[in-house]
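Asks: Can you build the whole structure from these sequences, using the hints too?
So the sequences go chain by chain: A and B.
As numbered in our numbering, residues 1 to 96 make up the first sequence, in order.
As numbered in our numbering, residues 1 to 262 make up the second sequence, in order.
Hints in this document: simulated from the structure, not taken from any laboratory.
The reader is advised that the hints may include incorrect statements.
Claimed, not checked - Listed next, the in silico DSBU-like pairs over lysine-lysine satisfying Cα-Cα at most 35 Å (straight line):
no. : chain 1 : residue 1 : chain 2 : residue 2
1   : B       : LYS154    : B       : LYS197
2   : B       : LYS154    : B       : LYS186
3   : B       : LYS65     : A       : LYS51
4   : B       : LYS65     : B       : LYS186
5   : A       : LYS74     : B       : LYS154
6   : B       : LYS114    : B       : LYS98
Listed below, chain by chain, are the residues.
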Amino acid sequence: MSRPANFKFQLYVAGDTQNSALAVANLNALCRSNLVDRHEIEIVDVFREPKRALADGIFMTPTLVRLMPVPVRKIVGTLNQMQTVLQALGLESIAA
Amino acid sequence: MNLEKSPELVEANEEIAALIETLFTAEQRLEELTAGEVDTVAGRDGRTFLLRRAQEQLRFREAAKQTAILNELRVLFDMMPAMIWFKDTENNILRINKRAADAAGKPVAELEGKSVREIYPQEAAKYFADDLEVIQSGIPKLGIVEMLKSRDGKELWVQTDKVPVSDKDGKVISIVVMAQDITESKQLEQQFRQVQKMESIGTLAGGVAHDFNNILSVIQGYADMLKTDGGLSPPQVDYIEQINAATFRATALTRQLLLFSR
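Replies: Right under this line is the structure:
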């Protein structure tokens, strides 16, 4: 049986602003319950690395980028709507 | 030229007002579109704009953090085992810790912001003279030991340090005063002095007693020789008895002195 593909995320945040902090917490919770041991998260603070956000085409924070598996997907917001987020990330079947 | 009536300025003001209006509308629309879940947006030039709501949240959080720090400092300030207060350069109390307020017999809130003249009308001038020295020289004055009368009339010995606080230009803006209650060690010191004094008196008494004993032996010796030689009238014998009795009493006294010196 082949192991499910690894997930690689980038989460663009703005320091410890409220929505950004929520997004970090929500993403961590989501990965803990659905993607144990098969995910990587990189948090990018646009206050520290503004050029990087621009280069990556990030225009709002918080923005979650799913780098792997391809295709790349971007989700803007706090990731509060867990079901919608799972759906957008293609994780619905795993969660169910 | 009256700037307020300049037509260019009026025009520019109107333009700015219109831009702000547009910005607010855009921001509102953005909030609606993102359900308020966005903190920043990037401009076309790559600059990051913090949205107003996020700005307010950050400000609020920062203020809460500052308050928490201040509260923590207040607790530390009150826990210090010394009476501490800050004064400005006009003899007004800016901050005072609980221990110091207790010593003054008033709650902290009643003392902060007050002039020392109101709290200690009699001593204020003296305290301020000390302060002025520190303010003018910018050099701390450490280890000032003085006796105060507490509210209930007890003697209170304190050791006070006065340290100037300067702004970034080096100008003294306030003074931190730290006073430690040293009554107990002061009492011990006094007791120690007393013991030392008694010790030296003892040594002196011992020395005197020995010399005195020698003199008494000579008196007694010659009195005895007079008695043994004979040929004395009965009253003269009586005189010698008196001499003997007196030397005996004196010897007993010197023995006491010797005992004391040990």
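Asks: Compare the structure with each hint and give your call.
Replies: Going down the list of hints, with the structure as the test:
In summary, the hint linking LYS154(B) to LYS197(B) is supported, as the alpha carbons are separated by about 26 Å, within the 35 Å threshold. Taking the CA atoms of LYS154(B) and LYS186(B), the gap is about 14 Å. The hint holds against a cut of 35 Å. Between LYS65(B) and LYS51(A), the direct Cα distance comes to roughly 30 Å. Compliance with the 35 Å bound is thereby established for this hinted pair. For the given pair, LYS65(B) sits about 43 Å from LYS186(B) by alpha-carbon distance, which is inconsistent with the 35 Å threshold.
In summary, the hint linking LYS74(A) to LYS154(B) is not supported, as the alpha carbons are separated by about 76 Å, beyond the 35 Å threshold. For the hint pairing LYS114(B) with LYS98(B), the CA-to-CA distance comes to about 15 Å; that is within 35 Å, so the pair holds.
In terms of the numbered hints stated before, the structure departs from hints 4, 5, listed from lowest to highest.
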